[in-house]
Amino acid sequence: NAGVTQTPKFRVLKTGQSMTLLCAQDMNHEYMYWYRQDPGMGLRLIHYSVGEGTTAKGEVPDGYNVSRLKKQNFLLGLESAAPSQTSVYFCASSPRDNQPQHFGDGTRLSIL
Amino acid sequence: AQSVTQLDSHVSVSEGTPVLLRCNYSSSYSPSLFWYVQHPNKGLQLLLKYTSAATLVKGINGFEAEFKKSETSFHLTKPSAHMSDAAEYFCVVTPSSGGYNKLIFGAGTRLAVHP
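Listed in order, the protein sequences are those of chains A and B. Position 36 of the first sequence, counting from 1, maps to 36 under the working numbering, and the rest follow consecutively. So the mapping is simple: the working numbering equals the position in the second sequence, first residue as 1, plus 1000.
Please note that a few of the clues may not be correct.
[Stated by the list, open to error] DSSO-like mimics (lysine-lysine), calculated; alpha carbons at most 30 Å apart, straight line:
1. Lys57(A) <-> Lys1042(B)
2. Lys1042(B) <-> Lys14(A)
3. Lys1068(B) <-> Lys1049(B)
4. Lys1049(B) <-> Lys57(A)
5. Lys9(A) <-> Lys1049(B)
[As the list claims (entries may be wrong)] The calculated label-pair distances, taken between Cβ atoms and stated as ranges, are:
6. Thr1055(B) <-> Thr7(A): 38 to 48 Å
7. Ala82(A) <-> His1010(B): 23 to 33 Å
8. Asp38(A) <-> Ser1030(B): 25 to 35 Å
9. Asp62(A) <-> His1010(B): 28 to 38 Å
10. Asp62(A) <-> His1114(B): 37 to 47 Å
11. Glu52(A) <-> Met1083(B): 37 to 47 Å
12. Ser67(A) <-> Pro1018(B): 42 to 52 Å
Simulated from the structure, these hints should not be mistaken for lab results. Backbone N, C-alpha and C fix where the C-beta goes; we use that ideal spot for every residue, glycine too.
Go ahead and model the full structure; you've got the sequences and the hints to work with.
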């Protein structure tokens, strides 16, 4: 039972570099989400998607872009990484509205 | 606006003693509330959820929580702590617009369990 899989698990970037985080779910869920987790702040929603081909901004979208070209995948992009984006990133999915979310194990990203 | 406050950033208990993790919320509407647990280097796992049915909610691993509207609280309890309960716990509330697609997280409570 894979559930929600995030790749990579760890990454170190230099300021200004770009990268893409991949989230894949095998549960046929409609909704997918990207969060960042910082010490003492819980999880904050970056972007989310309510279905294939759709995306929407969350609480902290600046500096990130997303795409949902396939239902099972949700990509998070950093075009020009900044030290403030050092964080742990979590992807989640849910079947539809009014259902709890299933989380991946996270991607630990450090930007020097 | 909805918000959630976890009253303790760290809680330490001895194995076999009761656990109490406190959560207060503010909401303009009847909320849906969750508790999630996060073990080190892992994602969040749903412990239990309240969705306006019974006010006492039972979850996995012996945890339960009671919804008290008059106190705007949703505290998490367990009668007897186990070493494997050491983790971070998040209280979560849904936004006033309804639905679960946007969750509001508390800052978390780190639970330590000592032998």
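Violations among the numbered hints: As far as the earlier hints go, not one is violated by this structure.
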